[in-house]
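Residue 301 in our numbering sits at position 288 of the sequence shown, and the numbers go up by one each step.
No wet-lab data here; the hints were simulated from the structure. Just so we're clear, the structure is a prediction, and the values are computed from it rather than from any experiment. There may be inaccurate statements among the hints.
[What the hints assert, rightly or not] Listed below are the simulated EDC-like cross-link pairs for lysine to aspartate or glutamate, each with C-alpha atoms no more than 20 Å apart in a straight line:
#  : residue 1 : residue 2
1  : K313      : D428
2  : K300      : E71
3  : K300      : E276
4  : K313      : D330
5  : K313      : D412
6  : K313      : D379
7  : K378      : E334
8  : K313      : D340
9  : K313      : D201
10 : K313      : D398
11 : K313      : E334
12 : K313      : D147
13 : K378      : D400
14 : K300      : D427
15 : K300      : D265
16 : K313      : D265
17 : K378      : E394
18 : K300      : D237
19 : K313      : D197
20 : K313      : D435
21 : K300      : D244
22 : K300      : D340
23 : K378      : D398
24 : K300      : E310
25 : K300      : D428
[As the list claims (entries may be wrong)] FRET-style restraints, in silico, Cβ to Cβ:
#  : residue 1 : residue 2 : range
26 : E276      : A439      : 13 to 21 Å
27 : G441      : E334      : 25 to 33 Å
28 : G362      : A431      : 27 to 35 Å
29 : G174      : E276      : 43 to 51 Å
30 : D147      : D197      : 20 to 28 Å
31 : Y335      : A431      : 42 to 50 Å
32 : R91       : D435      : 30 to 38 Å
33 : D428      : V368      : 51 to 59 Å
34 : Q277      : S371      : 22 to 30 Å
35 : S371      : Y335      : 48 to 56 Å
36 : R382      : D170      : 28 to 36 Å
37 : G311      : V438      : 37 to 45 Å
38 : E334      : G198      : 25 to 33 Å
Every residue, glycine too, gets a C-beta built ideally from N, C-alpha and C.
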Amino acid sequence: MVKKLAIRLTYVVVALALVTAACGDDDADTTTSTAAESTTTAAGRADGILEIGSILPETGDLAVLGPPMIGAVNMALRDINDAGGVLGQPLDLTPGDDGTNEDIANAAVDGHLAAGVDGIIGAASSRISLSVIDKITGAQTLQCSPSNTGSVFTTYDDNGGYYIRTAPPDNLQAQALGDLVTADGFADVAIIALNDAYGQGFADSLVAQLEANGATVVANVAYDPNGTVFDSDVQQLVDAGPEAVVLIAFPDTGSLVLQAMIEQGVGPAVLQIYLTDGLQSSDLAAKVDPANPAVLEGVKGTAPSAAPPGGAAWFADAFAEYAPGTDTIFASYAYDCLVIYALAAQTAGTDDPTVWVSEVNGITKDGERCDNYASCLALIEAGTDIDYDGASGSLNFTDAGEPGAGFYDIWHFDDQGAVVVDETVAVG
14 MVKKLAIRLT YVVVALALVT AACGDDDADT TTSTAAESTT TAAGRADGIL EIGSILPETG
74 DLAVLGPPMI GAVNMALRDI NDAGGVLGQP LDLTPGDDGT NEDIANAAVD GHLAAGVDGI
134 IGAASSRISL SVIDKITGAQ TLQCSPSNTG SVFTTYDDNG GYYIRTAPPD NLQAQALGDL
194 VTADGFADVA IIALNDAYGQ GFADSLVAQL EANGATVVAN VAYDPNGTVF DSDVQQLVDA
254 GPEAVVLIAF PDTGSLVLQA MIEQGVGPAV LQIYLTDGLQ SSDLAAKVDP ANPAVLEGVK
314 GTAPSAAPPG GAAWFADAFA EYAPGTDTIF ASYAYDCLVI YALAAQTAGT DDPTVWVSEV
374 NGITKDGERC DNYASCLALI EAGTDIDYDG ASGSLNFTDA GEPGAGFYDI WHFDDQGAVV
434 VDETVAVG
């Protein structure tokens, strides 16, 4: 019988934090400082219960990623607690929304830190994580993102390992995408990307890969992530005369850019278009043209693999049973964030994050292989070092707390707007 999930709802705390944050910059700064200081004081405690909060996109530009990630975290919670929990107690999870918005995410983080969580899962966007990472890691609280792919995090000062991610960095995905574009025979390529950490970090790596492959980047356009009209940005693409265009974006603004591209004669019917993980959604075609499901037919893209080789082969079917009809993008990566937290605390023998932070990287490599929480827990209790090869792959974290290699799905949209995976490639 499935045990009742130990989800502790703290929306009242988050709502109060939102109200406080809305009062002005000076008041918001005071509130942030107080939350961080109180948590830093309490972070050395161990109360026997591993308490985790999430900031995942229930709303905002990346809300399309919410259902797979939130569903996967809840599935991990079920699996962990069904196996006996952490340190003999049920793991406690408090959900929260990152809103794909800095203010919403910061308010959610303030609520979690005030409640004394040991770790946080999220945010989804690299830009949003950059707005909260100092607050979280400065409070000696772990942060694990299942979908931050911005290369900036590899060398970011995270207060001694308090930031980790299960998704591989964009410099690896840029290699996969650059190779795809040039293998398709295109030499003159234009890029249009979000003007934020995710978009520009990815674009920089992609330019390097395309040029290394012998291609010429004829335009590299950075567009406003808060914009609503992109005609002038797209005109720069038109003026450059590319053979192919790469769009690095999220659904709300990305769909508007695609609409402008179609209107100005550089859409999918005219040029080969390539996308990245932020636009891998079966809902995208309907956002671009609700009357034409084939509007994006033939558009290609890359994304971290939903079912990477070397990982937990059982996960895809189990998630489909747990959350039928839900997209899978980043689901496996979100699942692993919670399992890694639980295994690190179990290995350390304490829920104190200032202690189990040092176990995070080690449990993903060098020990005896296990691919689910129950089997890993049995090994830990027997005194055996583990190598958790999770739902998102073999992991093998580097010192930066991230995978050292990545597996990427090469995919395209069919004539109904559905995502079709063609192959999976390894990079790194």
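Comparing the hints with the structure gives:
1. K313 with D428: Holds, because 13 Å separates the two Cα atoms, which is no more than 20 Å.
2. K300 with E71: holds, 18 Å
3. K300 with E276: OK: K300 and E276 at ~15 Å, within 20 Å.
4. K313 with D330: With Cα atoms ~25 Å apart, K313 and D330 exceed 20 Å; violated.
5. K313 with D412: violated, 33 Å
6. K313 with D379: Violated, because 37 Å separates the two Cα atoms, which is more than 20 Å.
7. K378 with E334: At roughly 29 Å apart (the allowed maximum being 20 Å), E334 and K378 break the hint.
8. K313 with D340: holds, 18 Å
9. K313 with D201: holds, 17 Å
10. K313 with D398: This hinted pair is violated, its Cα atoms lying about 42 Å apart.
11. K313 with E334: With a Cα-Cα distance of about 28 Å, the restraint between K313 and E334 is violated, given a limit of 20 Å.
12. K313 with D147: Outside the cut-off at roughly 36 Å; violated.
13. K378 with D400: OK: K378 and D400 at ~4 Å, within 20 Å.
14. K300 with D427: holds, 15 Å
15. K300 with D265: holds, 8 Å
16. K313 with D265: Given pair K313, D265 holds - Cα atoms ~19 Å apart, limit 20 Å.
17. K378 with E394: holds, 18 Å
18. K300 with D237: Distance of about 19 Å is within 20 Å: holds.
19. K313 with D197: holds, 11 Å
20. K313 with D435: holds, 10 Å
21. K300 with D244: Answer holds: K300 to D244 is near 17 Å, not above 20 Å.
22. K300 with D340: Holds: K300 and D340 sit about 16 Å apart, inside 20 Å.
23. K378 with D398: OK: K378 and D398 at ~9 Å, within 20 Å.
24. K300 with E310: holds, 14 Å
25. K300 with D428: holds, 15 Å
26. E276 with A439: 13 to 21 Å: violated, 38 Å
27. G441 with E334: 25 to 33 Å: holds, 31 Å
28. G362 with A431: 27 to 35 Å: Cβ of G362 to Cβ of A431: about 47 Å, so the range 27 to 35 Å is violated.
29. G174 with E276: 43 to 51 Å: holds, 48 Å
30. D147 with D197: 20 to 28 Å: violated, 41 Å
31. Y335 with A431: 42 to 50 Å: violated, 21 Å
32. R91 with D435: 30 to 38 Å: holds, 33 Å
33. D428 with V368: 51 to 59 Å: holds, 54 Å
34. Q277 with S371: 22 to 30 Å: About 54 Å separates the Cβ atoms of Q277 and S371, which means 22 to 30 Å is violated.
35. S371 with Y335: 48 to 56 Å: At 32 Å between Cβs, range violated.
36. R382 with D170: 28 to 36 Å: holds, 32 Å
37. G311 with V438: 37 to 45 Å: violated, 19 Å
38. E334 with G198: 25 to 33 Å: Hint violated: Cβ distance 41 Å, outside 25 to 33 Å.
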